[in-house]
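Protein sequences, first through last, are from chains V and X.
The first sequence begins at 323 in this note's numbering and counts up one residue at a time.
The second sequence begins at 252 in this note's numbering and counts up one residue at a time.
These are computed hints drawn from the structure, not numbers from a lab.
Since we're looking at a predicted model, the values are computed, not measured.
Careful: at least some of the hints might be erroneous.
Stated by the list, open to error - The calculated DSSO-like cross-link candidates involving lysine-lysine, where the alpha carbons are at most 30 Å apart (straight line), are: (1) 433(X) / 253(X); (2) 335(V) / 352(X); (3) 394(X) / 337(V); (4) 253(X) / 446(X); (5) 611(V) / 338(V); (6) 519(V) / 484(X); (7) 519(V) / 376(V); (8) 494(X) / 511(V); (9) 355(X) / 407(V); (10) 355(X) / 394(X); (11) 352(X) / 393(X); (12) 484(X) / 376(V); (13) 619(V) / 446(X); (14) 475(X) / 611(V); (15) 519(V) / 494(X); (16) 455(V) / 446(X); (17) 335(V) / 475(X); (18) 475(X) / 352(X); (19) 619(V) / 455(V); (20) 338(V) / 394(X); (21) 604(V) / 335(V); (22) 337(V) / 641(V); (23) 446(X) / 335(V); (24) 338(V) / 433(X); (25) 352(V) / 381(V); (26) 604(V) / 253(X).
One-letter residues, chain by chain:
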Amino acid sequence: MNVLVYIENITGKFKKSTYEVVSYAAAIAKQTGGTLTAVSIGNVDASTLAEIGKYGASKILNVQQDALSTFVNQAYASIISQAAKSVDATVVVLSNTFTGKGLAPRVAVKLAAGYVDGALELPTIAGNSFSVKRGAFSGKAFANVTLNSPIKVITLSPNAYQINDLGTTATIEDFNPSTGAHDFQTMVKEIIRASDKISLPDAELVVSGGRGLKGPENWGMIEELASLLGAATGCSKPVSDSGWRPHEEHVGQTGIAVAPNLYIAIGISGAIQHLAGVSASKVIVVINKDPEAPFFKVADYGIVGDAFEVVPQLIEAVKVLKAQA
Amino acid sequence: MKILVCISNVPDTTTKITFNSNNTEFNTTGVQFILNPYDELALARAIELTEGGNGSVTVVNVGLADTDPTIRKALAIGADDAIRINAAPANAYFVAQQIAKIAKEGQYELILTGRESIDYNGAQTGAMIAEIMDIPSISIIKKLTVAANTATVEREIEGGKEVITVNFPFLASVTEGVAEPKIPNMRGIMSARTKPLQVVESIAVDILSSISSFDLPAARSTVKLISTNESAKLIEALHSEAKVI
C-alpha cells in the first residue's frame, strides 16, 4: 500500500511527534510493500526537510506558500487529500496533535476514508482486514477499530511509536495543489506560545500535583522538580477547578489524557477519572500521605509520606544525579 | 443568532468499564448515562451567546429513545428546542452525516460540539460535520467571542494557543475554559418537559469503520514502596532500574 504522511512543522521545525509518525508510516509501507511519501506545508527549509528522509520517506512533497505559513484547516485538508491522490496513497497518516485532530477528520471525509484517531500500535493487516488499536473510554479501555474503506486515515498518538533512523534519503519535490479563497476562511491573528514550557500532551515526563499540595503558592517545588527533570507540569481536576492551575494542565478523563514514560503524581488520591487519563503512562510514581489512596493500586513506585518532606528530597537527589552525569 | 449544539449521551465519568459478548460490546448494565461533559460546556456558551432573546439554541443528538433523559437535561439547562435523530450512533462519520443534514436544513450560523465524547474520544464528529457542509471548523477551542459578522476563537496548540478569526457560518469544538457548566434550576427542569423535542428518522450512510473488539488495560505489577526518609532512592530506581530519567 502506498502511504502518505503529513509532516507537521511548528514555525519551520519538526517536533518529536513528526519523526514518530514518519517512522510509523514507514513501517506500514514496509509491512504492505508500498512506498512512503511525506507532504510538508508551510515554510520549512531544505535541510530540515531532508532529515525526514532518514526515517524512511522516499519522496517529500513540499508545499511552500506564504498564505500557508500558519495553519488553515480547510486549505491544509485539501492539500493533503490532493497529495494522497497524486501518489495513489491508500493509507494517510498524521500525528494526533491538536492540529492533527482538527485536520484528519476533514481529510477522511474528502477521501471517503475510514478514520482511526490516536493509534497506539501498527495496524493488524490480514487479507482485506485492516484494524488498528486505540484508546477508548478515556483511557479505561482499548478498542480495535476495523476500517472497511479502500482508503484509510490514521492519526498516531504522541509517544506511542519508536523513532527509527534508517539512514535512507528522500527526494524533495515542489508540489503545487490547487486551492481557492474558499479554503481560506479562518485567519490566525496571533500565536501565543510559552517557549519555556514543555507541552503536556506530548511530554515524555510529567510531574503532577493535587489537592494534597494545599494551595497554588506551593507549586514552586513541583515546577522546580519538573524543570530539573525536563518534565511538563500537570494537575488534578479539583486543582484546575479551584483556579490554582490553568485548565490546560488538567490531566484526566475530562482534561488531557497523557502517555508519558514517567508520570509522578504528588498529593493526588487517584479518582477513577484521573486514573483514566494517566493509564497509558509507562511508569507511574505516587507520593501521597494516605496509604489507602487508590492511586497506589496502579503505581509502579510509591512513597507514603508528606509531599512537603518528600519533594525537596527528590529535588536534591535529581541535582546529585545530574551532577554525576 | 441561531446555534446548533451537538450532544452525546455517555457513561458517567465514575463508570467502571466492562464488556459483553466476548469483548465486542460495552456492558451498559447498571451504567448511569450523562450529557457529555464537553458538550455541556458547548451548551453553556451557546446559552450565554443567545441571552436576552438574542437568538436560539437547538440541541441535536443521534440516538435511540433511551437518550431522551439526556436531551431533556440539555433543555432544562436552557436549550430552546431539541432534535433527536432516531438511530444508534454507528461511528463518528455516520453521526456527522446525520447532523450535517439537519444543520443544512436548519441554516444555523454557529454549530458547537464538545472537543470529544468521553466514551470513544474520537474528536472526529465536529470537523467531519463541517467538511460535509463545506464550512470552516476550528477544533478544541477554549474561548469564543462574537462580533457582528465575525467570531474570534482561541484554539489550544501544544504549549500555547492560537487566536483565530472566522466568519459565520462555522463549527467549533470546545474544551474547558470556553464557559462554566450551567446547573439547571427548578424553572428550567419544569419547562424542559414541554419544550419541543422533534424525532426524525436517520439517513443511510456507508459504514467506513467499526469496533471489532475491546481490551482492558493489563494490570500493573504491585507498587514498590520506598520509605519517606529514603526518598532519594526513588530517583536512583527511576534512573537505573526503570530507566526513564
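> Where does the structure disagree with the numbered hints, that is, which hint numbers, in rising order?
Replying inline: Violated hints: 2, 5, 8, 12, 13, 16, 17, 18, 23, 24 and 26; rest satisfied.
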